[in-house]
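*Asks:* Sequence:
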Amino acid sequence: MGRSSGRLKSKKMIISVAGKGGTGKTTIAVLILKALIEETGKTILFVDADPSTNAPVVLNMPVKKTVGEVVEEFRKTVLDSTESGIDKSRVIEKLVMEILLESPRFDLLAMGRGEGEGCYCYVNSVLTSILDRLTGNYDVIIMDMEAGLEHISRRTDRNVDVMFIIADPSRMSLETARRIKELIPEVHVEIRRLYVIGNKIPHEEFENYAKKVEEFDLQLIGVVPPDSEILNFSMRGLSLLKIPNSSPSYEAVKSICRKVGLI
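As numbered in this note's numbering, residues 3 to 265 make up the sequence shown, in order.
There could be a bad hint or two in this list.
Claimed, not checked - FRET-style restraints, in silico, Cβ to Cβ: (1) Asn247 to Ser54: 22 to 30 Å; (2) Thr130 to Ser54: 13 to 21 Å; (3) Asn247 to Pro204: 18 to 26 Å; (4) Leu240 to Gly263: 24 to 32 Å; (5) Met99 to Glu206: 45 to 53 Å.
Please keep in mind that the hints were generated in silico from the structure rather than gathered at the bench.
We put the beta carbon where it would ideally sit given N, CA and C, even for glycine.
Please build the complete structure, drawing on both the sequences and the hints.
*Replies:* Written out as C-alpha coordinates, the structure is:
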(Lines of atoms letter the chains of each structure in order from A and count residues from 1; the text may use other names and numbers.)
(Lines give C-alpha, C1' and ligand atoms only; values in the text may rest on other atoms or scores of the structure.)
Protein backbone atom coordinates (compact mmCIF):
# COMPACT_ATOMS: atom_id res chain seq x y z
CA MET A 1 0.00 0.00 0.00
CA GLY A 2 2.11 2.87 1.31
CA ARG A 3 5.54 1.89 0.06
CA SER A 4 4.34 0.84 -3.37
CA SER A 5 2.90 4.29 -4.01
CA GLY A 6 6.32 5.86 -3.77
CA ARG A 7 4.85 9.29 -3.13
CA LEU A 8 5.85 11.52 -0.24
CA LYS A 9 3.31 13.19 1.98
CA SER A 10 3.85 16.77 3.07
CA LYS A 11 1.86 16.25 6.26
CA LYS A 12 1.49 13.16 8.38
CA MET A 13 -0.08 12.30 11.69
CA ILE A 14 1.80 10.17 14.21
CA ILE A 15 -0.39 8.55 16.86
CA SER A 16 1.11 6.71 19.82
CA VAL A 17 -0.89 4.36 22.04
CA ALA A 18 0.73 3.66 25.41
CA GLY A 19 -0.16 2.44 28.88
CA LYS A 20 0.24 -0.23 31.51
CA GLY A 21 0.15 -3.84 30.34
CA GLY A 22 -3.27 -5.46 30.47
CA THR A 23 -5.29 -2.26 30.09
CA GLY A 24 -6.38 -3.05 26.53
CA LYS A 25 -3.78 -0.91 24.79
CA THR A 26 -3.56 -3.03 21.63
CA THR A 27 -7.34 -3.40 21.45
CA ILE A 28 -7.81 0.38 21.52
CA ALA A 29 -5.01 0.89 18.98
CA VAL A 30 -6.71 -1.51 16.56
CA LEU A 31 -10.10 0.16 17.07
CA ILE A 32 -8.47 3.51 16.26
CA LEU A 33 -7.13 1.87 13.10
CA LYS A 34 -10.62 0.63 12.23
CA ALA A 35 -12.08 4.12 12.67
CA LEU A 36 -9.45 5.68 10.42
CA ILE A 37 -9.93 2.99 7.77
CA GLU A 38 -13.70 3.35 7.71
CA GLU A 39 -13.98 7.11 8.13
CA THR A 40 -11.05 8.39 6.04
CA GLY A 41 -9.24 7.54 2.83
CA LYS A 42 -5.84 8.00 4.41
CA THR A 43 -2.86 5.70 3.93
CA ILE A 44 -1.93 4.11 7.25
CA LEU A 45 1.08 2.33 8.71
CA PHE A 46 0.37 0.37 11.90
CA VAL A 47 3.54 -0.29 13.88
CA ASP A 48 3.46 -2.95 16.57
CA ALA A 49 6.34 -1.62 18.67
CA ASP A 50 5.52 -3.90 21.61
CA PRO A 51 7.95 -6.85 21.89
CA SER A 52 5.05 -9.14 22.83
CA THR A 53 3.73 -8.67 19.26
CA ASN A 54 0.03 -8.85 20.09
CA ALA A 55 -1.30 -6.70 17.24
CA PRO A 56 -0.90 -9.33 14.48
CA VAL A 57 -2.98 -11.70 16.65
CA VAL A 58 -5.70 -9.11 17.27
CA LEU A 59 -5.69 -8.26 13.56
CA ASN A 60 -5.56 -11.94 12.54
CA MET A 61 -2.62 -11.09 10.29
CA PRO A 62 0.22 -13.51 11.06
CA VAL A 63 3.66 -12.05 10.36
CA LYS A 64 6.45 -14.26 9.03
CA LYS A 65 9.17 -12.27 10.76
CA THR A 66 9.51 -9.29 13.05
CA VAL A 67 12.05 -6.48 12.90
CA GLY A 68 13.75 -8.07 15.90
CA GLU A 69 14.19 -11.37 14.09
CA VAL A 70 15.50 -9.67 10.97
CA VAL A 71 17.97 -7.64 13.01
CA GLU A 72 19.15 -10.78 14.80
CA GLU A 73 19.74 -12.58 11.50
CA PHE A 74 21.49 -9.48 10.18
CA ARG A 75 23.79 -9.35 13.19
CA LYS A 76 24.73 -13.01 12.85
CA THR A 77 25.51 -12.78 9.14
CA VAL A 78 26.03 -9.40 7.50
CA LEU A 79 27.07 -7.28 10.50
CA ASP A 80 30.09 -9.42 11.34
CA SER A 81 31.02 -9.94 7.71
CA THR A 82 34.49 -8.80 6.69
CA GLU A 83 33.42 -8.50 3.07
CA SER A 84 34.05 -4.97 1.85
CA GLY A 85 31.71 -2.90 -0.26
CA ILE A 86 28.57 -3.95 1.60
CA ASP A 87 26.25 -1.08 2.48
CA LYS A 88 24.92 -2.63 5.66
CA SER A 89 22.31 0.03 6.28
CA ARG A 90 20.79 -0.60 2.86
CA VAL A 91 20.87 -4.35 3.41
CA ILE A 92 18.90 -4.15 6.63
CA GLU A 93 16.48 -1.62 5.17
CA LYS A 94 15.78 -4.03 2.32
CA LEU A 95 15.24 -6.89 4.77
CA VAL A 96 12.80 -4.85 6.85
CA MET A 97 10.90 -3.69 3.77
CA GLU A 98 10.48 -7.34 2.80
CA ILE A 99 8.65 -8.11 6.07
CA LEU A 100 6.35 -5.09 5.82
CA LEU A 101 2.92 -6.70 5.58
CA GLU A 102 0.74 -4.88 3.09
CA SER A 103 -3.04 -4.96 2.92
CA PRO A 104 -5.49 -2.94 0.81
CA ARG A 105 -6.24 -0.41 3.56
CA PHE A 106 -3.12 -0.32 5.73
CA ASP A 107 0.35 -1.78 6.19
CA LEU A 108 1.66 -3.58 9.28
CA LEU A 109 5.18 -3.67 10.70
CA ALA A 110 5.90 -5.78 13.79
CA MET A 111 8.90 -4.90 15.90
CA GLY A 112 9.24 -8.03 18.03
CA ARG A 113 12.39 -8.65 20.00
CA GLY A 114 15.80 -9.99 19.05
CA GLU A 115 17.78 -12.53 21.03
CA GLY A 116 20.93 -12.01 23.00
CA GLU A 117 22.30 -9.31 25.23
CA GLY A 118 21.88 -5.76 24.01
CA CYS A 119 19.72 -6.72 21.07
CA TYR A 120 16.65 -4.84 22.14
CA CYS A 121 18.30 -1.41 22.16
CA TYR A 122 19.71 -2.17 18.73
CA VAL A 123 16.26 -3.18 17.47
CA ASN A 124 14.88 0.15 18.67
CA SER A 125 17.63 2.01 16.86
CA VAL A 126 16.92 0.13 13.65
CA LEU A 127 13.17 0.64 13.95
CA THR A 128 13.68 4.37 14.42
CA SER A 129 15.84 4.75 11.31
CA ILE A 130 13.52 2.61 9.19
CA LEU A 131 10.45 4.53 10.38
CA ASP A 132 12.14 7.78 9.47
CA ARG A 133 12.28 6.52 5.89
CA LEU A 134 8.88 4.84 5.87
CA THR A 135 6.74 7.58 7.36
CA GLY A 136 6.98 9.78 4.29
CA ASN A 137 4.84 7.30 2.40
CA TYR A 138 1.85 7.42 4.75
CA ASP A 139 -0.70 9.93 5.98
CA VAL A 140 -0.99 8.32 9.42
CA ILE A 141 1.34 6.25 11.60
CA ILE A 142 -0.27 4.37 14.50
CA MET A 143 2.25 3.06 17.02
CA ASP A 144 1.17 0.43 19.53
CA MET A 145 3.90 0.97 22.10
CA GLU A 146 5.51 -1.33 24.63
CA ALA A 147 3.59 -1.57 27.90
CA GLY A 148 4.82 0.56 30.77
CA LEU A 149 7.55 3.19 30.79
CA GLU A 150 10.54 1.73 28.95
CA HIS A 151 9.63 3.06 25.53
CA ILE A 152 9.61 6.60 26.91
CA SER A 153 13.00 6.26 28.59
CA ARG A 154 14.45 4.87 25.36
CA ARG A 155 12.74 7.51 23.23
CA THR A 156 11.19 4.95 20.92
CA ASP A 157 8.17 7.23 20.58
CA ARG A 158 10.20 9.99 18.91
CA ASN A 159 7.96 13.02 18.41
CA VAL A 160 4.25 12.34 18.05
CA ASP A 161 1.15 14.39 17.32
CA VAL A 162 -1.24 12.56 19.63
CA MET A 163 -0.47 10.15 22.45
CA PHE A 164 -3.31 8.16 23.96
CA ILE A 165 -2.49 6.58 27.32
CA ILE A 166 -4.87 3.71 27.98
CA ALA A 167 -5.93 3.25 31.61
CA ASP A 168 -8.41 0.86 33.18
CA PRO A 169 -10.24 1.42 36.50
CA SER A 170 -7.17 0.43 38.55
CA ARG A 171 -5.12 3.00 40.42
CA MET A 172 -1.91 1.39 39.14
CA SER A 173 -2.80 2.10 35.51
CA LEU A 174 -3.35 5.78 36.35
CA GLU A 175 -0.05 5.85 38.24
CA THR A 176 1.62 4.53 35.08
CA ALA A 177 -0.17 7.13 32.97
CA ARG A 178 1.01 9.95 35.24
CA ARG A 179 4.58 8.65 35.21
CA ILE A 180 4.56 8.49 31.42
CA LYS A 181 3.43 12.10 31.33
CA GLU A 182 6.17 13.10 33.80
CA LEU A 183 8.90 11.31 31.86
CA ILE A 184 8.17 12.98 28.53
CA PRO A 185 9.90 16.33 29.23
CA GLU A 186 12.81 14.52 30.89
CA VAL A 187 13.72 12.71 27.68
CA HIS A 188 12.91 15.68 25.41
CA VAL A 189 10.19 13.91 23.44
CA GLU A 190 7.66 16.26 21.87
CA ILE A 191 4.09 15.09 22.41
CA ARG A 192 1.84 17.71 20.89
CA ARG A 193 -1.34 16.37 22.54
CA LEU A 194 -1.65 13.82 25.34
CA TYR A 195 -4.90 12.24 26.46
CA VAL A 196 -6.07 9.42 28.69
CA ILE A 197 -8.63 6.94 27.37
CA GLY A 198 -10.40 5.06 30.13
CA ASN A 199 -11.00 1.46 29.11
CA LYS A 200 -13.58 -0.98 30.52
CA ILE A 201 -15.33 1.83 32.38
CA PRO A 202 -19.06 1.17 33.05
CA HIS A 203 -21.35 4.09 32.26
CA GLU A 204 -22.43 4.44 35.88
CA GLU A 205 -18.79 4.79 36.96
CA PHE A 206 -17.90 7.57 34.53
CA GLU A 207 -18.15 10.50 36.94
CA ASN A 208 -16.11 8.79 39.65
CA TYR A 209 -13.50 7.73 37.12
CA ALA A 210 -13.28 11.22 35.60
CA LYS A 211 -12.63 12.69 39.06
CA LYS A 212 -9.94 10.10 39.70
CA VAL A 213 -8.19 10.94 36.41
CA GLU A 214 -8.30 14.64 37.27
CA GLU A 215 -6.67 13.90 40.64
CA PHE A 216 -3.73 12.45 38.72
CA ASP A 217 -3.41 15.68 36.71
CA LEU A 218 -4.33 13.93 33.47
CA GLN A 219 -6.74 14.88 30.69
CA LEU A 220 -9.50 12.35 30.05
CA ILE A 221 -10.66 12.45 26.43
CA GLY A 222 -13.24 9.68 26.75
CA VAL A 223 -14.00 6.20 28.04
CA VAL A 224 -14.64 2.84 26.42
CA PRO A 225 -17.25 0.64 28.14
CA PRO A 226 -16.87 -3.08 28.84
CA ASP A 227 -17.75 -4.98 25.66
CA SER A 228 -18.36 -8.73 25.49
CA GLU A 229 -17.81 -8.64 21.73
CA ILE A 230 -14.10 -7.94 22.29
CA LEU A 231 -13.70 -11.19 24.22
CA ASN A 232 -15.91 -13.01 21.72
CA PHE A 233 -13.73 -11.97 18.78
CA SER A 234 -10.57 -12.82 20.69
CA MET A 235 -11.75 -16.31 21.60
CA ARG A 236 -12.83 -16.99 18.02
CA GLY A 237 -9.58 -15.70 16.55
CA LEU A 238 -11.32 -13.08 14.43
CA SER A 239 -9.81 -9.79 13.33
CA LEU A 240 -11.01 -6.98 15.56
CA LEU A 241 -11.33 -4.87 12.42
CA LYS A 242 -14.46 -6.92 11.68
CA ILE A 243 -16.20 -6.11 14.95
CA PRO A 244 -19.67 -4.65 14.23
CA ASN A 245 -19.80 -0.88 13.90
CA SER A 246 -22.60 -0.97 16.46
CA SER A 247 -20.36 -2.46 19.17
CA PRO A 248 -20.12 -0.17 22.22
CA SER A 249 -16.32 -0.22 22.24
CA TYR A 250 -15.98 0.76 18.60
CA GLU A 251 -18.62 3.48 18.86
CA ALA A 252 -16.76 4.94 21.85
CA VAL A 253 -13.37 4.87 20.13
CA LYS A 254 -14.78 6.38 16.95
CA SER A 255 -16.33 9.18 19.00
CA ILE A 256 -12.96 9.85 20.64
CA CYS A 257 -11.22 9.92 17.25
CA ARG A 258 -13.77 12.44 16.01
CA LYS A 259 -13.39 14.53 19.16
CA VAL A 260 -9.63 14.95 18.66
CA GLY A 261 -9.92 15.52 14.91
CA LEU A 262 -8.51 12.23 13.63
CA ILE A 263 -11.61 11.60 11.52
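*Asks:* Within 18 to 26 Å or not, the Cβ separation of Asn247 and Pro204?
*Replies:* 22 Å, holds
*Asks:* Confirm or reject the claim that Leu240 and Gly263 have a C-beta distance inside 24 to 32 Å.
*Replies:* Holds, since Leu240 and Gly263 (Cβ atoms, about 30 Å apart) stay within the stated range.
*Asks:* If I claimed the Cβ atoms of Thr130 and Ser54 lie 13 to 21 Å apart, would that claim hold in this structure?
*Replies:* Holds - the Cβ-Cβ distance for Thr130 and Ser54, about 19 Å, lies within 13 to 21 Å.
*Asks:* Quick check: does the Cβ-Cβ distance between Met99 and Glu206 fall within 45 to 53 Å?
*Replies:* Roughly 49 Å apart at Cβ, these two residues keep to the hinted range, so it holds.
*Asks:* Taking 22 to 30 Å as the hint, is the beta-carbon distance of Asn247 and Ser54 inside that range?
*Replies:* 28 Å, holds
Comparing the model with each numbered hint stated earlier shows that all of them hold.
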